[in-house]
Amino acid sequence: MDKAITVNHLVKNFEVTEKKPGLFGSFKSLISPTRKTVRALKNISFVIQPGELVGFIGPNGAGKTTTLKILSGLLYPTSGFTQVLDFDPWEKKPEFLKQISLVMGQKNQLWWDLPAIETFELNRAIYDIGKKDYEESLAELVELLDVGKILNIQVRRLSLGQRMRLELVAALLHKPKILFLDEPTIGLDLIGQQKIREFIYEYNRKNEATILLTSHNMDDLIDLARRVIVINEGKIIFDGALEDLVKRFAKEKIIKVTLSQEIDVKKLEEIGTIKKISFPQVTISVPRPATAVAAAELLQNFPVEDLTIEEVPIEEVIRKVFGSK
Amino acid sequence: MKKYFSIFKISFQQEFVYRINFIMWRVRNILQIFLIFFLWNAVFSQPGAVVFGYDRAKILTYVFGILVLRAIVFSARTVDVSGEISSGDLTNYLLKPISYFKYWFTRDLSSKALNLGFATVETTILFLILKPVFFLQTNPTLVLVFVISIFLAVFLYFHILFIVNLVAFWTPESGWAFQFLFMVIIAEFLSGGIFPLDILPLAFQKVVYLSPFPYVLFFPLQVYLGKIATSAILVGLITSGLWLVISNLILRYLWNKGLRRYEAVGR
Amino acid sequence: MSRNSFMNVLFQRMAFMIFLVGKVLRFLMFFGFLFFLLKGTKNLAGYNLNQTIFFFLTFNFVDVVAQFLFREVYRFRPLVVNGGFDLVLTKPMSALFRVLMGGADVVDLATIPPLIFAIYWVGNLFHPTPLQLVLFLFLLFNGLLIATAFHIAVLGLGIITLEIDHSIMIYRDLSSLGRLPIDIYKEPLKSVLTFLVPVGIMVTLPAKALMGLVSPLGALASSLIGILGIILAVRFWKFALTKYASASS
Chain A
22 MDKAITVNHL VKNFEVTEKK PGLFGSFKSL ISPTRKTVRA LKNISFVIQP
72 GELVGFIGPN GAGKTTTLKI LSGLLYPTSG FTQVLDFDPW EKKPEFLKQI
122 SLVMGQKNQL WWDLPAIETF ELNRAIYDIG KKDYEESLAE LVELLDVGKI
172 LNIQVRRLSL GQRMRLELVA ALLHKPKILF LDEPTIGLDL IGQQKIREFI
222 YEYNRKNEAT ILLTSHNMDD LIDLARRVIV INEGKIIFDG ALEDLVKRFA
272 KEKIIKVTLS QEIDVKKLEE IGTIKKISFP QVTISVPRPA TAVAAAELLQ
322 NFPVEDLTIE EVPIEEVIRK VFGSK
Chain B
252 MKKYFSIFKI SFQQEFVYRI NFIMWRVRNI LQIFLIFFLW NAVFSQPGAV
302 VFGYDRAKIL TYVFGILVLR AIVFSARTVD VSGEISSGDL TNYLLKPISY
352 FKYWFTRDLS SKALNLGFAT VETTILFLIL KPVFFLQTNP TLVLVFVISI
402 FLAVFLYFHI LFIVNLVAFW TPESGWAFQF LFMVIIAEFL SGGIFPLDIL
452 PLAFQKVVYL SPFPYVLFFP LQVYLGKIAT SAILVGLITS GLWLVISNLI
502 LRYLWNKGLR RYEAVGR
Chain C
-3 MSRNSFMNVL FQRMAFMIFL VGKVLRFLMF FGFLFFLLKG TKNLAGYNLN
47 QTIFFFLTFN FVDVVAQFLF REVYRFRPLV VNGGFDLVLT KPMSALFRVL
97 MGGADVVDLA TIPPLIFAIY WVGNLFHPTP LQLVLFLFLL FNGLLIATAF
147 HIAVLGLGII TLEIDHSIMI YRDLSSLGRL PIDIYKEPLK SVLTFLVPVG
197 IMVTLPAKAL MGLVSPLGAL ASSLIGILGI ILAVRFWKFA LTKYASASS
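Chains as they are written, first to last, in the numbering used here: chain A, 22 to 346; chain B, 252 to 518; chain C, -3 to 245.
With the rest of the complex left out, here is chain A:
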């Protein structure tokens, strides 16, 4: 098997019934509904090699989750060719399902009222995992995700971060060759996000699993993915190395300062372009290579109470990327 995932001219349309506003409209939509076609994926193509860690990024509604769902066999493609590990995902053959895993933020597979270990045992049986393999797998995952102490507590009593980590254990017990992660860090605090990212990186490195993860959080991508596919409004607008994306499109970084005194705004313009002022907050954008110098200058020469350095929001990068096509 040379390619892990092949997608060729994939199109996905959804039929939605449009509900017109008002009382009359609601009745009308019951009797003779107007159907609208939502084009979620407009002819996308890409290939992923085994062992790659690919970031799938784009704004909400761009088509990321739809793509993952098609690749895992949940949604039926309108047209086009999809192949994962030499299988047609839609057929959902057991041999196929045993080699993949899809983890979505809010879709919990752990049985809510029972301790997580019970769900793990259930999965062991469902995926036909041998006793030795299971114990090894479990030990490894428990250590990596640091969940040893919470295995025997009712899932409903645990925090979101703890549940997320246990969900990952449940999803990986059968050592899938392909891992689809949909917004894995959503809803987690900064530490939680960091832990998940570290885990994904390690998992990809140790098990040579192919990982496709979606996010609209740029930090997920920076830490993890060497290759990113940018999707917007159902179309792929960039597919390549992360450095190229950032270098090409996010030429600037954002510095946000909180000032302790009023200052002459003109002076700030010497450091960078002012994007927004609402005293005491000022937002400046500076060219990427000049970030450290600009920050140092601000701290030295201005009455700065607080200073943060941020990436340009992904939506802006996307807009730029889309704009330049």
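Because the hints were derived from the structure by calculation, they are not lab data.
Just so we're clear, the structure is a prediction, and the values are computed from it rather than from any experiment.
Where is the CB? At the ideal position from N, CA and C, for every residue including glycine.
Treat each hint with caution, since some may be false.
To be verified - Not the full set, but computed from the structure, chain B residues with beta-carbon under 8 Å of chain C:
| hint | residue |
| --- | --- |
| 1 | Arg279 |
| 2 | Leu282 |
| 3 | Leu290 |
As the list claims (entries may be wrong) - Cut-off 25 Å, straight-line C-alpha distance, at most; resulting in silico cross-link-like pairs (DSS-like, lysine-lysine):
| hint | chain 1 | residue 1 | chain 2 | residue 2 |
| --- | --- | --- | --- | --- |
| 4 | B | Lys254 | A | Lys114 |
| 5 | A | Lys153 | B | Lys253 |
| 6 | A | Lys113 | A | Lys24 |
| 7 | B | Lys347 | A | Lys152 |
| 8 | B | Lys363 | A | Lys119 |
Let chain A serve as the given structure and place chains B and C on it in line with the hints.
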């Protein structure tokens, strides 16, 4: 095989978490039986009374039969399927290498085992308290047919219940209402779960027999009580089997149609 | 109303309509059962077809009216759990009234007139005297009083233990034994139904009154139970309030 035992086990554990709910459920079952038992007791207060082809022993056996057969046939966890479809939790199971039908059937078996255990105890206790006259079927062929008809009933009810739950693919918000209408109301009455169908005039009975419901509870009980002629028994078994085949086809068709429509919504 | 929220309400209504159809069907089927049963047996514990039907109708009336008035009680537990009850307590309107009767649904109301008509029609077949009619209405009101007392007590229990659903279900199951005259039940069940959960007084007694089987004295004595019930229930509710530990996180 091991996977089904695992499902059986975890389903059983789940029931234990909601012990109180379960106990309440059994209490409610018993209260319902009280109503029916005393009702018929009053009807047959005169010794030797024969009404609608039943004597006192047979009718009271019918009542107890309902208690036990309902535990075997009606106990199900499949009622949760429509909720899973509406909430999008179905997604988790579509990703697993297991048949959704076999999964739920195994969970049903777990529920039936638990309920049957309790029903047996309850029947014994009620039997000792109320001391009804009991009718024991001694004809071994009839007992065999009775057991076969129960098997058919279990599978048939599973199919009907599943089909009703699949409505959630098309109307996720109203799944529970359909279930109430079909299973709690229509199925309970037309299966003979509240009263024996032979009190209805013949014309009504003929109509009811066109549906699959009598075969789920009433037909097995009638076989046991020996109230069906041999020729009719064969016809009954065949009709039962036919309904099973039909419902299986409908189930598969709706499942495939529903899956296409299922957008795996809910992030 | 926003587009979406109306569609939501519409779908909820549709589901509720189907639910209602189910309840009407259940009524009709049990009615049919009693009808065909008594066609065959001619009498049930000494009562004929019309009388048995009348017991059934009276039960349904008390049951439906109680459900119509006290639908809000079924929503009490979530209200306490999510802290909404605190808000209710701070409002000027009586908290008890709000959580008891706040959720009356118009759709339920639709089923009541046909019932009343049926009761009138069947009741007329007994040619009741004015006294019997008065006693009937009086005891019917008394029955509703007892039902109210029960729901209040259940609410009080809900505040203390957060256990509502089971208490209501027990109440519903026991009271549904009143679909038939409680004379058919043997002791000790009969006593339970007369004194503990007074289904007998709530349902069987009013019906008997119309048939001329109850003396004014008996009616008066029963009404004492109704009044006593309400007093005790409200006392219990007030007591429960003192024990209330707010659930806000």
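Results of checking the hints against the structure:
At its closest, the beta carbon of Arg279 of chain B sits 5 Å from a beta carbon of chain C; the interface hint therefore holds under the 8 Å criterion. Hint status for Leu282 of chain B relative to chain C: holds, with the closest Cβ pair at about 4 Å, below 8 Å. A cut of 8 Å between beta carbons decides the hint on Leu290 of chain B: the least distance to chain C is about 6 Å, and the hint holds. Between Lys254 of chain B and Lys114 of chain A the CA atoms are separated by roughly 17 Å; this keeps the pair inside 25 Å, and the hint holds.
Only pairs whose Cα atoms come within 25 Å are accepted, and Lys153 of chain A paired with Lys253 of chain B is accepted, the gap being roughly 16 Å. Distance restraint check for Lys113 of chain A and Lys24 of chain A: the Cα-Cα separation of roughly 19 Å lies within the 25 Å cut-off, and the hinted pair is therefore satisfied. Of the supplied pair hints, the one linking Lys347 of chain B and Lys152 of chain A holds, its CA atoms being roughly 19 Å apart against a limit of 25 Å. Taking the CA atoms of Lys363 of chain B and Lys119 of chain A, the gap is near 30 Å; set against the 25 Å cutoff, the hint is violated.
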